[in-house]
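Trainee: These are the residues of each chain, in order.
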Amino acid sequence: MIEVQNISKSFNGVEVLHNISAVFESGKTNLIIGQSGSGKTVLMKSIIALHRVDSGQILYDGRNVPDMRRKELKKLRREIGMLFQGSALFDSLTVGENVMYPLEMFSGKEKDEIIERAKFCLERVELTRAFDLYPSEISGGMQKRAAIARAIALNPKYLFCDEPNSGLDPKTSLVIDQLISEITREFNITTIVNTHDMNSVMEIGENIVFIYKGNKAWQGSKEQIYDADCQELNDFVFASDLFKKVKAVCK
Amino acid sequence: MKFIQLVGKYGYLIYKTFAKPDSWRMFFRQYIREMEKQGIGSLAITIIISIFIGSAITMQMVLNTDSPLLPKYVTGLTTRETILLEFSSTILCLILAGKVGSNIASEIGTMRITEQIDAMDIMGVNSANYLILPRITAFVTVVPFLVMFSMFFGILGGYLVASMTGIIAVDDYVYGIQYTFKPFYIVYSLVKSVIFAYIISSVSAFYGYYVKGGALEVGKASTDAVVKSSILVLLFNVILTDLLLM
Ligand SMILES: Nc1ncnc2c1ncn2[C@@H]1O[C@H](COP(=O)(O)OP(=O)(O)OP(=O)(O)O)[C@@H](O)[C@H]1O
Ligand SMILES: [Mg+2]
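Line by line, the protein sequences give chains U and V.
Under our numbering, think of the first position of the first sequence as 1, with each following residue one higher.
Under our numbering, think of the first position of the second sequence as 252, with each following residue one higher.
In case anyone wonders, no lab produced these hints; they're calculated from the structure.
Small disclaimer: the values here were computed from a predicted structure and weren't measured.
Check before you lean on any hint, since a few could be wrong.
Claimed, not checked - Computed cross-link-like contacts, PhoX-like style, restricted to lysine-lysine with a CA-CA straight-line distance of at most 20 Å:
id, chain 1, residue 1, chain 2, residue 2
1, U, K74, V, K267
2, V, K253, V, K350
3, V, K288, V, K271
4, V, K271, U, K74
5, U, K45, U, K171
6, V, K271, U, K71
7, U, K245, U, K216
8, V, K433, V, K253
9, U, K71, V, K267
10, U, K222, U, K45
11, V, K463, U, K45
12, U, K75, V, K288
13, V, K350, U, K75
14, V, K463, V, K253
15, V, K260, V, K463
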């Protein structure tokens, strides 16, 4: 479980996050949604301490990130997997080597075991064939899956995904979303996903945090989202015509 | 003020770089890869340039020392001194700054803008250490060898001029290049080249590591890397010459 308490963050005097508190539960797919520029990426990067917050607490099962010294932070990070918006695979390494990378760095295991584990992770995302290919030789959707395999290689307790389906077609998006949600449940991970895609929200959103201009405007489940008493959220959700129709049908 | 900031930032990066690697196995793998790329990859250009410059220097020396007052060995002697003292260390390193420096800056810069460095940091990898240390150590290892190759082929260039054009007798040239030979000049050159290698690789890595933005900035960073490291090489050339030779 990750608990965020009253965090604020500004860049050069401009406040991007304002006093945000939220709880992200383990074994669940937690979503951060909001318009472009609302501060989703900054919030996520603050939680994993790529940005230092100005104030507030970030608790990973009780361990407060802003209090941590460099060594402790490094230790915590080995429990974190992250899927970046642009996949961020190492392009000088093959897909297999990418997945083996965190294992070779930290697991201290023998080569055979590492290859075994990498193959298992790639199999989990149905990418065994791509083991010896370079990232530039596979499609965008496959890159995302390879990045997921790398993120779960070290059995993380926490998984972060920044817009996992940006730039993907609806069907591939669905595959990626389902993969993330299945892995979350299978390995009881605390997963946080940034998205502005309403399809994924309705597909995998178990606990949804809505950010509006740097403030938390709403938190709830996908069942509650249509009846939310929050004008900004309604504007966001029903910006798409499709969802207006869905609502009409539901009523 | 800005300069002090820059130096501080560089110092911090170097502090992060020179730490114990997270995994020695990965370090050695990268180290070997980089030595191959920077060393073997620069061998051809080193040999070609050295032969041509060696020949050109010899021809110019023949012209400039063409006087009945000067003994015949002067051409070989001055060619040797120019190559050993200045060309094979400083000029060669400037050329390598263009080749290896821009390569280091653009490789690391591209990794920065595509979030690959963030990905390493998130995993808990010391990204500066993983990316920069093997590049610096590999370059510092290979450059002295490149310099020795350059010395040999530079002097060979002069020999080729002597034997092919006949503007100077081969015997005079061979006598000249051995006349009052001071082995310390080779040591001086190698010491300089090691320091230049460190400057080029660390400064280029610095410019690459702190890129912000997109492809445009990566291009700018690699230009900056070459320009700034070349200026530093020239500056340290003067300082080291004063310290080691004067
Ligand atoms: N490093 C930074 N320095 C200064 N300002 C920043 C920085 N990173 C983000 N911002 C600002 O913070 C605000 C929120 O940005 P953020 O990237 O979090 O948006 P987002 O919600 O992720 O948008 P998108 O959906 O488009 O990715 C923006 O106004 C942006 O300009
Ligand atoms: Mg974003």
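Trainee: Are the hints correct? Go through all of them and say.
Mentor: Cross-check of the supplied hints:
| no. | hint | in the structure |
| --- | --- | --- |
| 1 | K74(U) - K267(V) | holds (14 Å) |
| 2 | K253(V) - K350(V) | violated (28 Å) |
| 3 | K288(V) - K271(V) | violated (23 Å) |
| 4 | K271(V) - K74(U) | holds (14 Å) |
| 5 | K45(U) - K171(U) | violated (28 Å) |
| 6 | K271(V) - K71(U) | holds (14 Å) |
| 7 | K245(U) - K216(U) | violated (27 Å) |
| 8 | K433(V) - K253(V) | violated (44 Å) |
| 9 | K71(U) - K267(V) | holds (13 Å) |
| 10 | K222(U) - K45(U) | violated (24 Å) |
| 11 | K463(V) - K45(U) | holds (16 Å) |
| 12 | K75(U) - K288(V) | violated (33 Å) |
| 13 | K350(V) - K75(U) | violated (38 Å) |
| 14 | K463(V) - K253(V) | holds (17 Å) |
| 15 | K260(V) - K463(V) | holds (15 Å) |
Checked against the numbered hints listed earlier, the structure breaks hints 2, 3, 5, 7, 8, 10, 12 and 13; every other hint is satisfied.
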